[in-house]
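Letter by letter, the chains look like this.
Number of protein chains: 2
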Amino acid sequence: MYFVRVNMTDRTYQVTEVPEKYKYFAGRALTSNVVADEVPPLCHPLGPNNKLVFSAGFVTGTSAPTAARISVGGKSPLTGGIKEANAGTSWGADLANMQIRGLIIEGQPKEKDQFWGLHITWDGKPKVEFFDATPYTKQPLSAVYPPIYEKFGDRVSVCSVGAAAEYGYSNSGVCFNDQSKRPSRYAGRGGLGAVMASKGLKFIVLDRQGAPGVEIADKALFEEGRKKMIDALRTHAITKPKGGLNSYGTAILINIMNEAGGLPTKNFTSGRFEEAPKIAGEAIFETNKDRKGKEIFNHACSPGCIIQCSNTVYAEDGSEITSCLEYESAWSLGANLGISNLDDLAMLNQLCNDYGLDTIETGTTLGVAMEAGVIPFGDSKAAINLVHEMGKGTTLGRILGAGTETTGRVYGITRVPTVKGQSIPAYEPRAVKGIGITYATSTMGADHTAGYTIAPEILGVMGKVDPLSPEGKAALSRAFQATTAFIDSSGHCLFIAFAILDIASGYQGMIEEINGVLGTNWTADDVVKFGAEVLKVERKFNEAAGITKAADRLPEFMKQEPLPPHNTVFDVPDEALDAVFAEL
Amino acid sequence: MYFVRVNMTDRTYQVTEVPEKYKYFAGRALTSNVVADEVPPLCHPLGPNNKLVFSAGFVTGTSAPTAARISVGGKSPLTGGIKEANAGTSWGADLANMQIRGLIIEGQPKEKDQFWGLHITWDGKPKVEFFDATPYTKQPLSAVYPPIYEKFGDRVSVCSVGAAAEYGYSNSGVCFNDQSKRPSRYAGRGGLGAVMASKGLKFIVLDRQGAPGVEIADKALFEEGRKKMIDALRTHAITKPKGGLNSYGTAILINIMNEAGGLPTKNFTSGRFEEAPKIAGEAIFETNKDRKGKEIFNHACSPGCIIQCSNTVYAEDGSEITSCLEYESAWSLGANLGISNLDDLAMLNQLCNDYGLDTIETGTTLGVAMEAGVIPFGDSKAAINLVHEMGKGTTLGRILGAGTETTGRVYGITRVPTVKGQSIPAYEPRAVKGIGITYATSTMGADHTAGYTIAPEILGVMGKVDPLSPEGKAALSRAFQATTAFIDSSGHCLFIAFAILDIASGYQGMIEEINGVLGTNWTADDVVKFGAEVLKVERKFNEAAGITKAADRLPEFMKQEPLPPHNTVFDVPDEALDAVFAEL
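Here the protein sequences come in this chain order: A and B.
Its first residue numbered 1, the first sequence is counted upward by one per residue in my numbering.
Its first residue numbered 1, the second sequence is counted upward by one per residue in my numbering.
Mixed in with the good hints there might be a few duds.
Put simply, identical chains are the same to the list, so a pair is met inside one copy or across any two.
What the hints assert, rightly or not - Here are the simulated lysine to aspartate or glutamate pairs, EDC-like style, with alpha carbons at most 16 Å apart: (1) Lys110 to Glu371; (2) Lys112 to Glu371; (3) Lys110 to Glu561; (4) Lys536 to Asp526; (5) Lys242 to Glu286.
Read the hints as simulated data drawn from the structure, not as lab findings.
With the rest of the complex left out, here is chain A (with noise of 0.2 Å):
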């Protein structure tokens, strides 16, 4: 396996084996490590000296089912600490194919507005070539990517930046390609696409032929494992084909939190939006077969994943409005705002994938410009116009491409959803307090993916829990957290954990996977071991950031506003917020 080292002060790169310390590394666990290792963690994250560094999980590129996860790793210019986000798509399995352990973009050119694409190919170990990117520049994102497949074969896969990125917004993702070669696929959350295009950096294309895959140690225990897991997935109820997931996509969350009094509404003023059935999955699905949508039931983001819970959004006429429109994203750009306009919520998702944003952050940053009074809630037309305004740099499209928590300082509004500069996801914290206890204390600012309790607190995954405790809530983030960690670090999409969770041989499976994958022997301890000390480095390079654990708090409204449907606030003790990382 290889390290791949591009420098973009003076475009030249390095090919090497992989360093004895990362031999065990992959994923997360790569990029976070790299990133404590080489980022001066006082460094600006849009200077010369932060690196973005690019990691596929352990199994991705295998034939692990549901594993084409590529993360992402830097210092956040949204957060100010170490970010890891990761994205499902072919260009992943690509890159492990090509034996590329970590892919580090390194140093800056001096010219501004110039920009690069790197082209990497195997010709017995990974080459890169540099071409000019500056033509693709400031344009929608699905206008760019067909001459990209046209100039560079049907086959490769695609990494890029959007016009967000290209403004240097602490909004803005790194973008991949789906299966149908749509910019769709986003490592969205903390703002690494700025990080990206401040390295003069528009794409990476991965062309993979000829590359020699993924070494598997012990094949037999590999098979083994990745049996156990297809039959896990294939079995429970939320990933199963035809199962939630496939049929209604992750949206189908929206009535599932709305009944629950979680959905955050109109800038976190409530927990219940009154037209949520309106863009919930199931009226995503049902709008589809009545317009005639080429695809009904949904589709996988990246090769082999059982679970495919990626759709559609068809018009009125039976074109796409865009794919994927996941749950978080209906939230923040429809309960968030009060619009329950599907069509204009589909565009609304559409356009992030085309400026290169992350629609969570553009959604709860509207939400905050609704509560300023710069555009009315509910109104998706000027909702609209507002992420045209980012998409075109404009100078209140800068203000909102900043951030919720920049926006909310330049309007001196109070009211801000944020942990640690990022925007808190689609499920409330005041209504749901164990994931509010990883909003606050994961070190990637608000997340809902650093340590999903939703699984028993909503979705009885394990067991019910009531959502409105905080018993024991501390305990169960941290344990969601750290093993969280390590599956961001497998390759595997966060939503096996459904499976996984509720069936010990799938959990066995996914550890064999990796095992055989790395000849290792590793146990269900070391599952939970691994991902605590993934957590402790990136803990450290925050705590060096000047992250301490007064950043461990949610916002302060939270504390005293109360929520309704359920008149909550959130009253996990500041003691029970600090255990998590204090016992970890």
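Using the hints provided, position chain B relative to the given structure of chain A.
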């Protein structure tokens, strides 16, 4: 002495005796202790739980010379930490004469866009009445002071906030009248204006008629000290009548700092500005003479000042453009922007006074905006337009009003001269190392007044030390910071330091004045101890607010970009920075 607590939630007030704990606190010591005791460190600075605290110094309101300082404290919207900013004004003397040791503004009204004024009179004890101040909003302060004086009489003193504060800008100061009823003396740094406005408070009018004045425990001792202080101030070259400050104002430093290569120019890309002489104190003096301005020699900002360093800048026709154009303002709005047109520079200063903006933060913000290409360096007319945008609350104006760091973030700029969110003032730390240590470690964010090592490093006060050397500067900054915290509590203007650090009897005089007022037996050792305790209280608040030693650093670019003409970087080791407070 009294504590007056005004609750803006329900517009009530309470007058009590000063609590025992605060009996020997005044000025900064009082505001910082009340904030530390009563304000939750993680509260939103513009929310109902922040407080705004006013306190005059120990000898303010007495006949002690150069001692009319008023301290304003609270949690800063700019730094997120504790803030004390002070100004020289009759308002401070009046507050002290009304025996109000602490005026504490609490709570927040539900209605937005409605503003109130307080009219505080003496009726056997302090009496507070509320008046509707909404009609005075969104206007230049120079337009609203005359009707306020008309309404309440010529003898009142007036504290106010301008439009910048009404808009909630993190760059907005608390304004006080000068001796000619101008709204021109600012507790400017850190955004406390927005805190005041967030409480629905626009004015605090003091009418001291009938008030008993400051009680003096030992009049003979006080008188002895006062005479020593007067002698020192009248003797020292910098502070004496027709001396440096009286003749040329603080802007005398323009040529001195330029000569030293430490005048930050064009957003901190050089330490020397070719056109510096055009905006220097000498130029102001000569121009005023040519233009037959009313006051050629400078005037006092507040009653009883010997130094009298406040200048006025006159237009060609002899009419007044602004007062006072300080060194830091002439630098921030001049050299830092590449602007040398004195009339336009004076107009920029006046607009800041009228809109309620801190001149330092405004200039550094415009510097970053110029670097971002919003307007060109050196374009003074365009700069004037930008300040008008701020005053009007336009979209662009709001970005700039949020301060330098936010503007940098919005435009994706990496050369952003801030520490703890507050911009670096008029002395280049790469050319003057000691002041860089003060910027880095001050509890206030970058602040030259927190520990003015310029006195020895540039002006030779206490003997000259090499500004370019980092040696011994941590100890120097520490000593200055502690002594300053005491002076900021004494009620004296910081400029007494020039005289009392060179003339031992002056230093003794300061202590005797205070012992005379309080009936204490404090010694020179107690001065440093007292100051150190204030710093520790502030530091503790900041730590609880999430500000740690990782924030005690200058921005990355100052450690990496050599600054012409000396081509030096800021090379004080982190260990020396950490030692400032570790050894306090």
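Hints, one by one, checked against the model:
1. Taking the shortest alpha-carbon separations for Lys110 and Glu371, only the inter-copy value of 15 Å comes in at or below 16 Å, while the best intra-copy value is 40 Å.
2. Taking identical chains as interchangeable, the C-alpha atoms of Lys112 and Glu371 lie at most 16 Å apart only when they sit on different chains, with a minimum of 13 Å there against 35 Å within one chain.
3. Proximity of Lys110 to Glu561 under the C-alpha cut-off of 16 Å is restricted to the inter-copy arrangement: shortest distance 14 Å between copies versus 48 Å within a copy.
4. In this assembly of identical chains, the alpha carbons of Lys536 and Asp526 lie at most 16 Å apart only when taken from the same copy (15 Å versus 44 Å across copies).
5. With identical chains, the CA atoms of Lys242 and Glu286 are at most 16 Å apart within one copy only, with a shortest distance of 15 Å there and 85 Å across copies.
Against the hints set out earlier in the document, no violation occurs for any number.
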